[in-house]
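Novice: Same order as they appear, the protein sequences are chains A and B.
In terms of the working numbering, the first sequence opens at residue 37 and continues consecutively.
In terms of the working numbering, the second sequence opens at residue 520 and continues consecutively.
Keep in mind the hints are simulated off the structure, nothing from the lab.
There are no misleading hints in this set.
Between beta-carbon pairs, the in silico distance windows are:
{"#": "1", "chain 1": "A", "residue 1": "Thr335", "chain 2": "B", "residue 2": "Ser663", "range": "26 to 34 Å"}
{"#": "2", "chain 1": "B", "residue 1": "Leu565", "chain 2": "A", "residue 2": "Glu168", "range": "56 to 64 Å"}
{"#": "3", "chain 1": "A", "residue 1": "Thr335", "chain 2": "B", "residue 2": "Leu662", "range": "27 to 35 Å"}
{"#": "4", "chain 1": "B", "residue 1": "Gly600", "chain 2": "A", "residue 2": "Glu266", "range": "29 to 37 Å"}
{"#": "5", "chain 1": "A", "residue 1": "Gly231", "chain 2": "B", "residue 2": "Gln829", "range": "52 to 60 Å"}
{"#": "6", "chain 1": "A", "residue 1": "Pro336", "chain 2": "B", "residue 2": "Thr648", "range": "51 to 59 Å"}
Below are the SDA-like pairs computed for lysine to any residue, each with C-alpha atoms no more than 25 Å apart in a straight line:
{"#": "7", "chain 1": "A", "residue 1": "Lys232", "chain 2": "B", "residue 2": "Pro692"}
{"#": "8", "chain 1": "A", "residue 1": "Lys232", "chain 2": "B", "residue 2": "Glu691"}
{"#": "9", "chain 1": "B", "residue 1": "Lys618", "chain 2": "B", "residue 2": "Gln828"}
{"#": "10", "chain 1": "B", "residue 1": "Lys833", "chain 2": "B", "residue 2": "Pro730"}
Nothing here was measured: the structure is a model prediction, and the numbers come from that model.
Using N, Cα and C, we set each Cβ at its ideal position, and we do this for glycine too.
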Amino acid sequence: MTQHRHRGLRRIGVLAAVPALSALTLAACGGGDEASGSDGSSGSADSFTFAFENASGGQQNPWQLLADEYAEESGVQIETQGLPPDSYGLTMRTQLQGGNAPDVMMFSPGAGNANAVLPLAEAGYIEELGDESASLIPEGNESLFQIDGKTYAQPTDIIPVGVVWNTGAASDTGVDVPADESAMLDACGTLAEDGKSFLAVAGSAPPNMGLMAMAISATRVYAETPDWNEQRTAGDVSFADSEGWQATLQTIVDMNEAGCFQQGAAGGGFDAITQGLTQGTSLGAFVPGAAATELAKATPGLELQVQPFPPADGGESYLLASPNYALSINASSDEGAKEAAQDFLAWMAEPENAARFTELQGGVAITGPDENLSPVYEPVADLLENGDYAPLPNLAWPNPGVYDALSTGVQGLLAGQGDVQSVLEGIDQAWDQ
Amino acid sequence: MTATMGTPQDTGALVRGTAPAAGGGQPARPRRSRPLISYGRWWWALPAVLAVLLIHYVATAGGAFYAFTNWTGIGDFDFVGLDNFRRILEDPALIGSLKNTLFLAFGFLIATNVFGLLLALALNRSLKTRYVLRVLFFMPVVLSPLAVSYIWKFIFDFNGPLNGVLAWFGAEPRTWLADPTLALWAVLVVMSWQTTGMVMVIYLAGLATVPMEIEEAAALDGASTWRRFRHITLPSIRPSVAIASTLMLIQGLRVFDQVMALTGGGPAGATETLATQVYKETFALSNFGFGAALALLLTLIMLVFSVLQQAATKDRS
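All chains, full assembly: derive it from the sequences and hints.
Specialist: Right, dumping it as structure tokens:
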């Protein structure tokens, strides 16, 4: 009996030891070294980690190149993490909550994108930055980088958004940049008869549809009412009741009916844009100005320029341009890493380094167009100098669902689903959630 | 005697410790405490059971908890009761996703089972090339659903081979994946094309158990092909029908890869399913609470339909 009892106790002991050992092992894995820092973000004054979006995954990413230059110049070690754009926002959120986020992170300003900085700053995950960073914020863009006067992100450069125009193909076909909507619709008909299109769009990719709508809204909405987003936040206006937004979406419907887009546009992907632009079968496309520089670099002989989208008849030209990327520091990083990160941001703010990054990314200097302005932006230089531009609207929208409602709604208009009014009502609903 | 009466495989008496004592005479008193041969103790499985409980059930319950909150994936959250579920039922886009999910699930169930059974019947016996054909029809099953979907996306492209073939016959090209009326059917075609081979294999295994003699006897009695199938083959492969239909229904209800790769849920939500909405709401729009509610709803739907389907295919004989 005694032996039996001992055997039974031993079994119970083994039984208890297995989960206990497992739990201890897991605790050891998860606990880390308390002395090494408050969380997984380690570093000292001569090293830090840096995460950014890297669509191609290559080493020629402008953030990577800049980090390499800084590391070489300062001797600071930078561990970079280039992530795919579609999962970047989610990864950063997860890492920030898990306590293993990088020390420096690239974000989108405002709150309207999945990788936006302000919701993270509100939740206390982002370190407050100093006056040097605040001084770089373009006038009128403060609400995209600050909460209650405190700055949480440092802008890098300005990216204009209009129509990227293939000047070579346009001159071959004898089509000039249309002065207004009527001229544009006429040009669309002429080009369609020749088997070409005025614009190449990626109808199957909602973000491209959203960008198109926003680029058109520059002249229909924001040229007359630059503070339209603030009015919408205050509840004074709505998308459904806005004549400007109605005109914006109606323009898209009219363009579709006039044959402004390539054949099969509703099912086209981003490859349709690159093929159309580079082969000259389409004269223009809605892509950020920085992508025009990249495309032109990749295709010898291709002449691309950023043009403002033709205004409504009798309207004035207007452009979208804003700092679409910003850098922030992890509030939970070690003091040494924070110091190193702040030094990096200060280095980036220096005029020659900011100019270098602008050149690498293909944007416009954060301080406005200067003597280094890329020839790609020559047609919009006057608009930039005169301040005739508004920030990308969705940066100031309250949640990513608003842009998603706009994007999918426009996609539906192109595919023959829904109507202008129902799309606008859907955007209002998304805003109010 | 007991031992010699049993079949060679019958080791039950030995295992249960009831074998007579060597040399005859009084049989040994059965020992209740331990069998002579044993293969393990129930608690050996405890670590695995704990892991399953923690990883599957506790994690799922934790996810279900967030269905009643407005958590955005970061920071604090509030309890919102059933608000997320009310929003699902009031949102026409989400009701559309539910309809799409059911359409794809039942369309997939029917298409794969009908074509899988037809292929199995055709390749069961007699055909000389049946082994080669079985391999060919099964090959798509081993491919990645994403890879298959991207190949089909190329086929369905406006400038792709399908429109090219149609042009030979003078038909107008179509935007297959951007047409709200065609896109869902296109997704169904791709799903069914890839999985029919799997169902074929399940039915081939079932058909192997159907006695040829009975079929031959029925044929000699003058039963038609259909009557033989209806009254001999189909009842014999009922377990295969139950397995194939259950697997296909569940796979159809949780379809994700093909939709994301082919249409991304577009155009304008025309091919959105509950699974793609869960992904979009949770990971793209950071509505974790709402996404959890959608996921919980999808789980419940799968549970209900699986139980109903099991009841429908139950062998009542």
